[in-house]
Amino acid sequence: MFEAFWAGLSGLWGQPFLYLTIGVVFGSVVAAIPGLGGLFALAVVMPFIFGLDNLSALAVLLSIQAVSSTANMITSVLFGVPGSATGVATVFDGYPLAQQGQAGRAISASVTASAFGGVFGAVFLVAAIPVLQPIVLAFGQPEFFMMVVMSLVIIAYLSEGDPLKGLVSGFLGLLLSFVGQEVSTGTLRYTLGQLYLWDGLKLVPVVLGLYAVAEMLLLANQGGSIARGSPDLGSGVREGILDVFRHWWLTVRCSLLGVGIGIVPGIGGEVAQFVAYGHAAQSSKRRHLFGKGAIEGVIGPEAANNSKDGGSLIPTLAFGVPGSAAMAVLLGAFYIFDLQPGPTMLTQHLDLVFFMVWILVIANVMGSVLVLATTKWLAQVTYLPSSLLVPIILLVSLFGAYSTNSHPGDVITAVLFGVLGYFMKVHQFARAPLLVGLVLGRIVEKNLHLSIALYGWTFFLRPITLILILITAGVIIMPALRAWRGRTAIGRA
Amino acid sequence: MALVMWALVMFFVVGALGFNAKARVLPLTFGVPGLVLATLLVVREWRRPPPHAHPQESRETATDRRQFVIFGWLAFLVALYFIIGFAWTTILFMLAFLRLYARESWRLTLWLTAGTYLVLYVIFSAVLRVDVYRGWLWYWF
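Going down the list, the protein sequences come from chains A and B. Each residue of the first sequence is one higher than the one before, counting from 843 in our numbering. Each residue of the second sequence is one higher than the one before, counting from 2 in our numbering.
A couple of the hints might just be wrong.
Claimed, not checked - Once the Cα atoms are required to be at most 27 Å apart in a straight line, the calculated DSS-like pairs of lysine-lysine come out as:
hint : chain 1 : residue 1 : chain 2 : residue 2
1    : A       : LYS1127   : B       : LYS23
2    : A       : LYS1218   : A       : LYS1044
3    : A       : LYS1044   : A       : LYS1288
4    : A       : LYS1134   : A       : LYS1218
5    : A       : LYS1288   : A       : LYS1134
6    : A       : LYS1267   : B       : LYS23
Unchecked claim - Partial list, computed: chain B residues near chain A (C-beta under 7 Å):
hint : residue
7    : MET2
8    : MET6
9    : LEU9
10   : PHE20
11   : GLY32
12   : LEU38
13   : ALA39
14   : ARG66
15   : ILE85
16   : TRP89
17   : THR91
18   : MET95
19   : THR117
20   : TYR118
21   : VAL123
The set of hints was computed from the structure by calculation and includes no laboratory data. Idealized CB from N, CA, C, for every residue including glycine.
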């Protein structure tokens, strides 16, 4: 194992390191553009890898994937516009921090947490190699279903402001997830006679509309700039880095959550950020600050976002089952270079596995340093007049929405959800529960039907499913218990 | 806005009644509680005392006017996009918005327009071959 460890590192010398650097820079720039994201960057680069050797190709692809989770928070913090669907949770507290003139602190905390999470995920990948098989094979549809229900319950705590309005948003999001063709019967639901809606609402245009278009409409309406007050960028950057160390235990827990969710194929990175955010909010003594600029609300999702990459490599390498859409692209690259995922990858090509671990570690650190080095300049953008930012970001959003599927329907979706998101924010309806409901609703339905078909209604009695039910019950009961204890203590005093 | 949310949830619940048994399970499972909550919200909002007239009313009218203008620009952007396509929309919208709405100088307007066009259209579309929408006029002619 040690020989493979050093062989993996030595594989980086020369051309692979050059392509790693190219991947870091390219991935950072593309992922920072709303609507494009890491998956887009991977897709764009794929045609160019045919002329490369396998190490260089893996270096560029994995480095893009590693840094995209880091870079997509830039617009989340600066403009309240998620760079991709995995950058949404960072908006909740990152953008309020930027509005308070603390963009530098928010960005540096994000990248430091991202670097930690990315390295953690890579190290976990190495540690998990001997025990991979039973972990991944133990998860089936009932476990997926329960995991998503658990996520939905945790996310219920995300509803900032009026809880009743938040719940209505959440239920609307769940209902929106049912637009399209129902999987088991093929019934068309809520398609309004439009072929475009047969596949359901696409996530990227909805995210761009709810957050990018809506925020730009709000910004144009209010005028001025994103941030108010005088900037304090120097100490802010240092402060953000120190914040991650102050909250080191939260960073570790959220990194673990990210790895755990990344390991489970089909759940996706969108879930990791929300689960981590919900956990950070629930476990914090300053819960009332979440949604208004709590630094933990930035650290948690960013650590989970990056650590999930290491986790999602586990089923990809061990079984050829991609842990996420990006891993599916990577799997394609494996087959192009005649690399077979599976037991042979872990026994005969362990040096290649360690090579990929080193790429994740170095790319995460390099990407974080790159963003940190430009943080002061980036934070200045929040002080630009809104009239300069609004047209550019609106155009970029439409570009990003269309690029998803090259269908003009996505642009209409983005605009309609932009108008909805604008009025939701004006009338204090939280948008996060709507988005979470949309993402998780599809997964819930698919896995519920499969669970019943495969195991009947007794699927709840499977061991891991029971554990997840207990955790979910704990999530609901613990805060109520804590509140009751607090009232009892006050009563005694 | 509460009424709009209620109407949207109601649309999904009523729509679900027309589906077969399996297809309507989850829409109704989530739709009915959602409708109950939305109804509670509408009642709560309706029972709130109406805001009294105050001196800020003229400021709120100005905000409504600004909101109308912003949505007008959004409609203009979308119309341009679908008629002439993304490339020309980038140029025309940037020029119009920066000069007419933001009232920026010609120099800054031209620099920003050129920069945005360069990044979005030249680099992503022409070099990286990312597909951009060309507009109804291009497809018709």
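A quick look at each hint next to the structure:
1. LYS1127(A) with LYS23(B): With Cα atoms ~44 Å apart, LYS1127(A) and LYS23(B) exceed 27 Å; violated.
2. LYS1218(A) with LYS1044(A): violated (35 Å)
3. LYS1044(A) with LYS1288(A): holds (17 Å)
4. LYS1134(A) with LYS1218(A): With a Cα-Cα distance of about 22 Å, the restraint between LYS1134(A) and LYS1218(A) holds, given a limit of 27 Å.
5. LYS1288(A) with LYS1134(A): violated (35 Å)
6. LYS1267(A) with LYS23(B): At roughly 35 Å apart (the allowed maximum being 27 Å), LYS23(B) and LYS1267(A) break the hint.
7. MET2: holds (4 Å)
8. MET6: holds (5 Å)
9. LEU9: holds (6 Å)
10. PHE20: Given a least distance of 5 Å, the restraint on PHE20(B) holds.
11. GLY32: holds (6 Å)
12. LEU38: holds (5 Å)
13. ALA39: holds (5 Å)
14. ARG66: Given a least distance of 10 Å, the restraint on ARG66(B) is violated.
15. ILE85: violated (13 Å)
16. TRP89: With a closest approach of 12 Å, the TRP89(B) hint is violated.
17. THR91: The hint holds - THR91(B) has a Cβ within 7 Å of chain A, the shortest such distance being about 6 Å.
18. MET95: holds (6 Å)
19. THR117: Hint holds; THR117(B) Cβ to chain A Cβ min 5 Å, cut 7 Å.
20. TYR118: The hint is violated - TYR118(B) has no Cβ within 7 Å of chain A, the shortest such distance being about 9 Å.
21. VAL123: violated (13 Å)
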